[in-house]
Amino acid sequence: MAKRFDITARVGKCKPCFLIAEAGVNHNGSPELAHKLIDSAHQAGADAVKFQAFVTEELVTIRAAKAVYQTVTTGLGDQFAMLKALELSGEEQASLLTHCESLGMAYLCTPYDQPSIEMLERIGVCAYKVASTDTDNIPFLRLLAGTGRPVILSTGLASLAEVEPSVEALGGGYSQWLALLHCTSEYPAPPEDSNLRAMETLHRAFGLPVGFSDHTEGVGVAPLAVALGAVIIEKHFTLDRAMVGPDHLASVDFAGLSALVAEVRKAERALGNGIKRPAPSEVGNRVNMRKSLVARSPIRAGQVIESAHLTCKRPADGLPPLWFDRVVGQRAARDIGADEQISLGAIAW
83 MAKRFDITAR VGKCKPCFLI AEAGVNHNGS PELAHKLIDS AHQAGADAVK FQAFVTEELV
143 TIRAAKAVYQ TVTTGLGDQF AMLKALELSG EEQASLLTHC ESLGMAYLCT PYDQPSIEML
203 ERIGVCAYKV ASTDTDNIPF LRLLAGTGRP VILSTGLASL AEVEPSVEAL GGGYSQWLAL
263 LHCTSEYPAP PEDSNLRAME TLHRAFGLPV GFSDHTEGVG VAPLAVALGA VIIEKHFTLD
323 RAMVGPDHLA SVDFAGLSAL VAEVRKAERA LGNGIKRPAP SEVGNRVNMR KSLVARSPIR
383 AGQVIESAHL TCKRPADGLP PLWFDRVVGQ RAARDIGADE QISLGAIAW
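Going by this note's numbering, the sequence shown opens with residue 83, and the numbers climb by one from there.
Be careful, since some hints might not be right.
[Claimed, not checked] Quick list of simulated restraints, FRET-style, between CB atoms:
#1 P98 / P380: 56 to 66 Å
#2 P272 / G159: 22 to 32 Å
#3 R86 / R323: 30 to 40 Å
#4 T215 / G159: 32 to 42 Å
#5 A309 / S257: 24 to 34 Å
#6 R86 / E114: 51 to 61 Å
#7 D160 / E250: 26 to 36 Å
#8 L185 / M325: 21 to 31 Å
Treat the hints as calculated values from the structure; they're not laboratory data.
We put the CB at the ideal spot given by N, CA and C, even for glycine.
Produce the complete structure using the sequences and hints provided.
What follows is the structure in structure tokens.
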């Protein structure tokens, strides 16, 4: 039996960025397609696959119109009919959970209503992801807080003032593990609307782990978010962007997700450990690129060395320029020729 996934042990500062492939409803209501999404995300290098759970009757009224982007991707009609065709049963979600954990990945899910929370509790989801549509849904957040499970809260569409009561409803990160995702809720989102510095604002305000739910096209700005401190990256993911469905067009395919994973990992490596010291790749260049103290003109034995006697030239296999002030004012122990490196033995210390 696969070991239950502990997201709290995998997310945080100084740990690899946690990459969530947001399958969402890109399974088009097909469990078979959902399982293929898991396999593809695993091959691309994602740490988790996230689905959605909802009871359409609990989520929208029969009169609810589609969002603009949904009309673009699925045509005219109402949200109710579109969502009804995208539901997965509790048994199907449980099978997805088992599949993810058998691959060492986290199965995450976004519930949209109380029955879906109850279903996810029964199957043992490791953590909840709250969509931006429910950032200000305080009664719903209190239900999630009551489960005691880790929560990842998206904050698209919200101001900082609106996030504060949401964090409080979820226990403020004290009664249960909580992370915040900055997000721009447009599909696709313009890169110039990303406002990645808002992650720093969220972290300063609440002291919680922060990440970025990236809705920009392609690899997008996710690597930049990592450079600014994101410990979680979420990205919509599909097997085929040409499929009919509300989110396929604003998602990345296998090649796009693989490229995103590679770029995020490259960004992490580029960040390094923060210790200022020569990098292994540059050590070999020190001698040929740095300089040593050199006599600008001949210096006679016993003569006091003045600054005008000295210059600095490559290579750096003699006394370093940092010794300039220590050498000036000393006497020469022997004759030093013009363009000769200054050595310790040439100085009458």
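Has the hinted range 24 to 34 Å been met by the Cβ atoms of A309 and S257?
Since the Cβ atoms of A309 and S257 sit about 32 Å apart, the hinted range of 24 to 34 Å holds.
Holds or violated: 51 to 61 Å for the Cβ distance of R86 and E114?
Once the Cβ atoms are compared, 25 Å apart, the range 51 to 61 Å for E114 and R86 is violated.
Using the beta carbons of R86 and R323, state whether their distance is inside 30 to 40 Å or not.
Holds: the Cβ-Cβ distance is about 33 Å, inside 30 to 40 Å.
Given the range 32 to 42 Å, decide if the beta-carbon distance of T215 to G159 lies inside it.
violated, 19 Å
Given the range 22 to 32 Å, decide if the beta-carbon distance of P272 to G159 lies inside it.
holds, 27 Å
Note whether the CB distance of L185 and M325 lies within 21 to 31 Å or breaks it.
holds, 23 Å
Note whether the CB distance of P98 and P380 lies within 56 to 66 Å or breaks it.
Once the Cβ atoms are compared, 60 Å apart, the range 56 to 66 Å for P380 and P98 holds.
Quick check on a hinted range of 26 to 36 Å for D160 and E250, using CB atoms only.
Given about 35 Å between the Cβ atoms, the range holds.
Of the numbered hints stated above, those contradicted by the structure are hints 4 and 6, listed in ascending order.
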